[in-house]
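Enquirer: The residues making up each chain are set out below.
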Amino acid sequence: MMDPFDRRLLEAIQQGLPITPRPYAAIAERLGIQEAELIERLAVLRRQGLIKRLGVIVRHRPLGYTANAMIVLDVPDRLVAQIGGHVSRFGFVTLCYRRPRHGEQWPYNLYCMIHGKSRGRVLQQFQQLSDSCGLRQFPGEVLFSRRCFKQRGALYRSCHGGDRALPI
Amino acid sequence: MDDMDRRIINRLQQGFPVCDSPYEQAARELGLSGEELIERIGGLLTAGVLSRFGPLYHAERMGGALMLVALQVPEQRFSEVAGIVNAFPEVAHNYRRNHRFNMWFVLATEQCSRIPEVIDSIEKDTGLKVYRMPKIEEYYVGLKLEA
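These protein sequences, in sequence, are chains A and B. This note's numbering runs 81 ahead of the 1-based position in the first sequence. This note's numbering runs 3 ahead of the 1-based position in the second sequence.
Just to be clear, a hint being listed does not mean it is correct.
[Claimed, not checked] Which residues of chain A face chain B? A partial, calculated answer using Cβ under 10 Å:
id	residue
1	Arg89
2	Glu110
3	Leu112
4	Gln129
5	Val153
6	Gly165
These are calculated hints, taken from the structure and not from any lab test. Glycine included, every Cβ here is placed at the ideal spot set by N, Cα and C.
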């Protein structure tokens, strides 16, 4: 279970850091602690990995990233970690996971995402990936997103009543 | 958006300093003053290029849960089902994809035990099976987009 103070701290910054010269002093004041204490605590939470990243979270579309491909492959279980590792070395691959199959309807167990500025470019990158990692021997499909319905991190009520933004 | 905005986005996707004058410190690297950086971040937020400026949390380590799920929605019911699904506050990142499994979204809940409850509700409200696609192993997560 998370420390109640850490929880308050994470709730205080979840919507964003103040855009003022001393943002951590502003948050510390709200929490009734010293700026130095807050800075130390944030550093610990980052080291522990509760805060995966601190910085800017971009929206894909305004930056021109309109082609979002989910590549799914049916890779033998004994090879999936190795192939996942190879695929992950390519800079244009943004995410790579192993997930369960669902019978014949969905035989795929390796997922890899490419976010790009055009479908053509993304398909080229996929080709490069296929050639370099020997993906052609595995059944696979490329699923492009056709429309975005709800692009935001889930906000949900915490036990303390605030809304918390979650990264996906 | 100009070149400096792009450099700011690329640099600050890598991280933001935790010290008493973080804007000042980050700005120095970019050849700006702290005030200029503050102004530009404010502008990028207002313009909607940035969705947030702050932390990304590790949901599981915070005690929460995330799960990718997929649905096969009959074409003529697509918008109706999207409406039902998106009304759940636990639903994030709902994408339509070109496949028989045509609706993909993420469930994010405060407690692990909520995931099956939400799935049950979605199945009941839509009459469709929700296919669970939880991650078994993570090989890479580096979603950073070059501006």
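Enquirer: A separate judgement is required for each hint: does it hold in the structure or not?
Expert: Verification of the supplied hints:
Evaluation of the arginine 89/A hint against chain B yields a violated restraint, the C-beta minimum of about 13 Å exceeding 10 Å. With its C-beta approaching chain B no nearer than about 13 Å, glutamate 110/A sits outside the 10 Å limit, and its interface hint is violated. Against a cut-off of 10 Å between C-beta atoms, the interface hint on leucine 112/A is violated, since the closest Cβ of chain B lies about 15 Å away. Using the Cβ-Cβ criterion of 10 Å, the hint placing glutamine 129/A at the interface with chain B is satisfied: the shortest such distance is roughly 7 Å.
A cut of 10 Å between beta carbons decides the hint on valine 153/A: the least distance to chain B is about 9 Å, and the hint holds. The beta carbon of glycine 165/A is positioned within 10 Å of a beta carbon in chain B (closest approach about 4 Å), and the interface hint is therefore held.
Violated hints, in rising order: 1, 2 and 3; the structure is consistent with all others.
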